[in-house]
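So the protein lines, in turn, are chains A and B.
Per our numbering, numbering of the first sequence is gapless, rising by one per residue and ending at 111.
Per our numbering, numbering of the second sequence is gapless, rising by one per residue and ending at 1117.
Treat the hints as calculated values from the structure; they're not laboratory data.
From the three backbone atoms N, C-alpha and C, an ideal C-beta is built for every residue, glycine too.
Be aware that one or more of the hints could be misleading.
As the list claims (entries may be wrong) - Straight-line alpha carbon distances no greater than 27 Å define the calculated DSSO-like cross-link-like pairs of lysine-lysine that follow: (1) B:Lys1009 to B:Lys1041; (2) A:Lys68 to B:Lys1044; (3) B:Lys1036 to A:Lys81; (4) B:Lys1067 to B:Lys1009; (5) B:Lys1019 to B:Lys1036; (6) B:Lys1040 to B:Lys1052; (7) A:Lys76 to B:Lys1041; (8) B:Lys1041 to B:Lys1067; (9) B:Lys1009 to B:Lys1052; (10) B:Lys1052 to A:Lys81; (11) B:Lys1040 to A:Lys81; (12) B:Lys1071 to B:Lys1009; (13) B:Lys1040 to B:Lys1009; (14) B:Lys1041 to A:Lys81; (15) B:Lys1019 to B:Lys1067; (16) A:Lys57 to B:Lys1009; (17) B:Lys1071 to B:Lys1019; (18) B:Lys1071 to B:Lys1040; (19) A:Lys81 to A:Lys57; (20) A:Lys81 to A:Lys68; (21) B:Lys1071 to B:Lys1052; (22) A:Lys81 to B:Lys1044; (23) B:Lys1052 to B:Lys1036.
Said to hold, decoys possible - Listed below are several chain A residues computed to face chain B (Cβ distance under 8 Å; list not exhaustive): (24) Tyr70; (25) Gly104; (26) Ala108.
As the list claims (entries may be wrong) - Across the chosen pairs, the derived CB separations fall in these ranges: (27) A:Met80 to B:Lys1044: 47 to 57 Å; (28) A:Ala108 to B:Arg1113: 15 to 25 Å; (29) B:Met1015 to A:Leu54: 23 to 33 Å; (30) A:Val50 to B:Ser1039: 44 to 54 Å; (31) B:Thr1002 to A:Lys81: 18 to 28 Å; (32) B:Asn1062 to A:Leu54: 36 to 46 Å; (33) A:Gly58 to B:Gln1014: 43 to 53 Å; (34) A:Ser27 to B:Lys1044: 32 to 42 Å; (35) A:Phe45 to B:Thr1007: 14 to 24 Å; (36) A:Leu74 to B:Ser1065: 39 to 49 Å; (37) A:Leu51 to B:Arg1063: 35 to 45 Å; (38) A:Leu54 to B:Asp1018: 28 to 38 Å.
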Amino acid sequence: GQNIDQPTEMTATEGAIVQINCTYQTSGFNGLFWYQQHAGEAPTFLSYNVLDGLEEKGRFSSFLSRSKGYSYLLLKELQMKDSASYLCAVSYGGATNKLIFGTGTLLAVQP
Amino acid sequence: DTAVSQTPKYLVTQMGNDKSIKCEQNLGHDTMYWYKQDSKKFLKIMFSYNNKELIINETVPNRFSPKSPDKAHLNLHINSLELGDSAVYFCASSQVSGTGTGANVLTFGAGSRLTVL
Chain A
1 GQNIDQPTEM TATEGAIVQI NCTYQTSGFN GLFWYQQHAG EAPTFLSYNV LDGLEEKGRF
61 SSFLSRSKGY SYLLLKELQM KDSASYLCAV SYGGATNKLI FGTGTLLAVQ P
Chain B
1001 DTAVSQTPKY LVTQMGNDKS IKCEQNLGHD TMYWYKQDSK KFLKIMFSYN NKELIINETV
1061 PNRFSPKSPD KAHLNLHINS LELGDSAVYF CASSQVSGTG TGANVLTFGA GSRLTVL
């Protein structure tokens, strides 16, 4: 079966750096995705990794190690508006290419 | 102009009733989805359509019936509602289906919160 693990909650300080880890077990891995979801709103796409390594997009970076089944999302220069749930999602399954989500990490940014 | 719009935003109804949620996307995407997010915030895929054809049908009770009249619309009808159906239902779309990474860059609608009493 497919399984995704990420911490339930994290707290960080405005201006700091935070790393949100995600581990997964799946067959037919196609890629790993990160989505942000503010309370009461829709998830929005942040980044994806298909190959090993680091992908950088402004203040957000995402890393993937396929051999370890491990990814992290790095948020730099934290702002209060970054308080949200961060969802790790794995794409698998060949042609049908399903996207399965983790339960999300609720990040609270404090002044 | 909203990219993925779904209605209604809130729906409160009694057990046993039948209800529908509508979804429309104006992004020109080929693929549309229904996801269910429960009280624990777990987001789970229910259905996916590519150009009006069903391509993903997860283990969902047959009380749930999706309908796609065209590739810009995907509606969800639920019969005989149960307490456990209470959740937020998200519609989403993506540019392509299949193994391309674009397939999983989803644009979500704002969600429809269903409460079954």
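Hinted pair Lys76 of chain A and Lys1041 of chain B, Cα distance within 27 Å: With Cα atoms ~25 Å apart, Lys76 of chain A and Lys1041 of chain B stay inside 27 Å; holds.
Pair hint outcome, Lys57 of chain A versus Lys1009 of chain B [Cα-Cα no greater than 27 Å]: 32 Å, violated
Lys1009 of chain B paired with Lys1052 of chain B [C-alpha distance capped at 27 Å]: 24 Å, holds
Hint consistency between Lys1036 of chain B and Lys81 of chain A [alpha-carbon to alpha-carbon, up to 27 Å]: Distance of about 25 Å is within 27 Å: holds.
Given hint Lys1019 of chain B paired with Lys1071 of chain B - CA-CA distance at most 27 Å: 22 Å, holds
44 to 54 Å as the expected CB spacing between Ser1039 of chain B and Val50 of chain A, which holds or is violated: Since the Cβ atoms of Val50 of chain A and Ser1039 of chain B sit about 33 Å apart, the hinted range of 44 to 54 Å is violated.
Given hint Lys1067 of chain B paired with Lys1041 of chain B - CA-CA distance at most 27 Å: Holds, because 25 Å separates the two Cα atoms, which is no more than 27 Å.
Restraint satisfaction for Ala108 of chain A [CB to CB of chain B, less than 8 Å]: Where the cut-off is 8 Å and the nearest Cβ of chain B is about 15 Å from Ala108 of chain A, the hint is violated.
Pairwise hint evaluation, Lys1044 of chain B against Lys68 of chain A, where the allowed Cα distance is 27 Å at most: This hinted pair holds, its Cα atoms lying about 24 Å apart.
Outcome of range test on Cβ distance (Gly58 of chain A, Gln1014 of chain B; 43 to 53 Å): Since the Cβ atoms of Gly58 of chain A and Gln1014 of chain B sit about 47 Å apart, the hinted range of 43 to 53 Å holds.
Cβ separation of Leu51 of chain A and Arg1063 of chain B, checked against the hinted range 35 to 45 Å: 41 Å, holds
Pairwise hint evaluation, Lys81 of chain A against Lys1040 of chain B, where the allowed Cα distance is 27 Å at most: Holds, at about 22 Å.
Checked against the numbered hints above, the structure breaks hints 6, 10, 16, 18, 20, 24, 26, 27, 29, 30, 34, 38 and satisfies the rest.
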